[in-house]
Amino acid sequence: MKLTRVIAAAAVAALTVGVAGCSGGGGSANDDESGPVALQYWLWDEAQLPAYQACATAFTEENPDITVNITQLNWDDYWTKLTTGFVSGTGPDVFIDHLSQYPSFSTKGQVLDLTDLVESDSVDLTAYSPGLVDSWYGVDGGLYGLPKDWDTEGIFFNEAMVKDAGYTDSDLQNLTWNPTDGGTYEKTIAHLTVDKNGVRGDEAGFDKNNVKVYGLAAPSDAGGTSGQVLWSTFAASMADWNYLDKNPWGTNFNYTSTEFQQIIDWYFGLSKKGYMPAFGVSSTNAYAQIAAGNAATAIEGSWNSNSFATIKGVEIGIAAGPINEQSNLRGSQKNSVADSINAATKHPEAAWKFVKYMGTTACQDLVAAKAVVFPSIPSSTEKAIAAFKENGVDVSPFLLYNDASTGRTVAAPVTLAADELSDLFGDAFDNIWLGKTDASSLTPVVEQVKKLLESQ
Amino acid sequence: MTTHRMQTIVEPSRRRSSRRRNDFAVAILFLAPATVGFVAFYVWPSIRGLYLSFTDYNIFQAPVWVGLKNYEKLLTDDKMWNSIVVTLEYVAINIVFQTILALLIAVLMQRLIRSTFVRGILLMPYLVSNVVVALVWLWMLDYQMGITNQLLEWIGLPRLMFFGSEQLVIPTIAFVNIWRFMGYTALLIFAGMQSIPNTVYEAARVDGASEWQMFRRITLPLLRPNLAMVVITSMIGSFQVFDTVSVTTQGGPVDASNVIQMYIYKLAFSQFKFGYASAVSVVLMLILLVISIFQLRLTRANSSDLV
Chain A
147 MKLTRVIAAA AVAALTVGVA GCSGGGGSAN DDESGPVALQ YWLWDEAQLP AYQACATAFT
207 EENPDITVNI TQLNWDDYWT KLTTGFVSGT GPDVFIDHLS QYPSFSTKGQ VLDLTDLVES
267 DSVDLTAYSP GLVDSWYGVD GGLYGLPKDW DTEGIFFNEA MVKDAGYTDS DLQNLTWNPT
327 DGGTYEKTIA HLTVDKNGVR GDEAGFDKNN VKVYGLAAPS DAGGTSGQVL WSTFAASMAD
387 WNYLDKNPWG TNFNYTSTEF QQIIDWYFGL SKKGYMPAFG VSSTNAYAQI AAGNAATAIE
447 GSWNSNSFAT IKGVEIGIAA GPINEQSNLR GSQKNSVADS INAATKHPEA AWKFVKYMGT
507 TACQDLVAAK AVVFPSIPSS TEKAIAAFKE NGVDVSPFLL YNDASTGRTV AAPVTLAADE
567 LSDLFGDAFD NIWLGKTDAS SLTPVVEQVK KLLESQ
Chain B
102 MTTHRMQTIV EPSRRRSSRR RNDFAVAILF LAPATVGFVA FYVWPSIRGL YLSFTDYNIF
162 QAPVWVGLKN YEKLLTDDKM WNSIVVTLEY VAINIVFQTI LALLIAVLMQ RLIRSTFVRG
222 ILLMPYLVSN VVVALVWLWM LDYQMGITNQ LLEWIGLPRL MFFGSEQLVI PTIAFVNIWR
282 FMGYTALLIF AGMQSIPNTV YEAARVDGAS EWQMFRRITL PLLRPNLAMV VITSMIGSFQ
342 VFDTVSVTTQ GGPVDASNVI QMYIYKLAFS QFKFGYASAV SVVLMLILLV ISIFQLRLTR
402 ANSSDLV
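Protein chains in written order, with the numbering used here: chain A, 147 to 602; chain B, 102 to 408.
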């Protein structure tokens, strides 16, 4: 008798564990579209959470039967969790998607094609900042996300260090650059570099092996495929240069020309000169190096404006990338994130309603007021810039690239097998930064990548 | 137990056989929880992994049988061979130094340190989670801000790129894990030493043996089965190093610390090549199997010299 009771107890215990294990997703328990619906919305950027929470709240006010639960996960966990979520059916209904990740999800049928929904609700895709939507058309022509913001890169600099070195803000705003001697950009970086004995990088007796303050902060890695916060601002400033033969979905990277490879050698060469930390010297990101006073300037993305502006005890200025002496243009990669809908969502209508809402000025103006990102609709971008200004941060330099007479943007590369490419190019750029090879080693990698992409 | 007693009273003549049957039922009951776990989390995943290694599988769509294609690809995969070399380098450094240091600590524990407190401290690193240990060392060994490099500079030595240089990265990771595991390994060896009867040492002392001679001629030989077990299990664990690498270098610089588990992880979870990743896992399993059998044979771990 006792035995049976023990077995029964064990069975109950096992069952409870099983149930607990299954209820982890929590989300889409409600199958009925007419009743109240709870949408699961995932994003990775902690800084953006309040902005989109405001959006979600306003959305529920308009649609009382739909609530939105937001989950924020760090970038590194985000994609793993999302993948397991897709497989186990516990994924979000709507999530923020990235250009490097959506190709693999869309080709495997995990995200919803929005084409028909956009058409039937006549959503105006021209309302977005030019070029943003283009990147979200999948290899099959379907639309896999509605762009919610955009970003470019710029120079963040330590005001005090710049002043000490004898420069003014407007000097930093008007730097020029060429890949041979680096122009006034390299001169400035060199002068901002100070060694242990207080000797500047462009002065006699500079000890490049004992640098106290680097002119340019090191990126946290060699930049993977696109070198977004590394060399992309220099490459993009070349007239007519683009990442791929065709973007999105090209196979041939434009990394083989002498001009391009010269830029790469020049950029990583800054390490050899001691103006930027050598590979492995810094294990932190640019933000931490600026905050610790180890670097005077950093190339970083506009999405980090707030983080930099709020560093305690360090006054930060922002400038656009330098002007290419040949093309007379500034350049930047232009990237966007978008809202995608999980193909397996149990509430496609509610999910679409929410996505659509986030693409309106009603939501984007709320986001703009929080001054964290540049919303994808130009009128909301203006409001965001005003909100940034109110907080004492002048982000207007990030917009200089959008004016065709002074700058140009190139869309971030969108390809299949993005992770594999990031590995291949990452290793190649690692080797260049380490000084084991020069940029000519990129040519065979481009061939290898081309073969890989054509075989997909 | 109650059932058993009841039956004994009622049917004393059938005591033997009924007891055996009851023992069996009870044994099954006690074994069941562990067996369920073993089957669900070890046997089934292993079989499925073996199956997946013969397929093309991206987790979203059903696996497609491709026969030996994954294994053919393995032979020409330079990255895989590099990861095996890197892993072997790690295991060699890790096991050699960890075992020697642990043995040393165990002898100290047996001969010198009687204090439970000090013995407890030796185990401290093992009680801290792997990720925390890796993070703490990552900070301490940082080139610019790490305390280790500050110390080196004070002594007048040049700063070292512990995690950033291709030559130093594997030794660095190996020593981080030696630091974490040597106390625990020492404890296992110490337990083995406790089982060596004191009389043997007394006899040796009477014969005028020195401390070193006793260690060499008594402790080591009698410790052999225990030591073999420790080396084999820590070697298997060592081949499976992952968390420290994942936290500190992610396999870099270039592929200098791309240990085999890291490579498998990247293949599966960032490139969605679960089939190929399974094939690499099977290779790792075979390597471990061969090494374990070889070691068991070599060290005659199943027989003791004590009897």
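Worth flagging that the hints you see were computed from the coordinates, not collected in a lab.
Ideal Cβ positions, reconstructed from N, Cα and C, are used throughout, including at glycine.
You may find that some hints are simply not true.
[Stated by the list, open to error] A few chain B residues that don't get close to chain A, going by computed Cβ distances all over 12 Å: (1) Trp166; (2) Ile201; (3) Leu368.
[Stated by the list, open to error] Calculated lysine-lysine pairs in the DSS-like style (CA-CA distance at most 30 Å, straight line): (4) Lys170/B to Lys597/A; (5) Lys529/A to Lys502/A; (6) Lys354/A to Lys170/B.
Here is how each hint holds up against the structure:
| no. | hint | result |
| --- | --- | --- |
| 1 | Trp166 | holds, 19 Å |
| 2 | Ile201 | holds, 29 Å |
| 3 | Leu368 | violated, 9 Å |
| 4 | Lys170/B to Lys597/A | holds, 19 Å |
| 5 | Lys529/A to Lys502/A | holds, 20 Å |
| 6 | Lys354/A to Lys170/B | violated, 51 Å |
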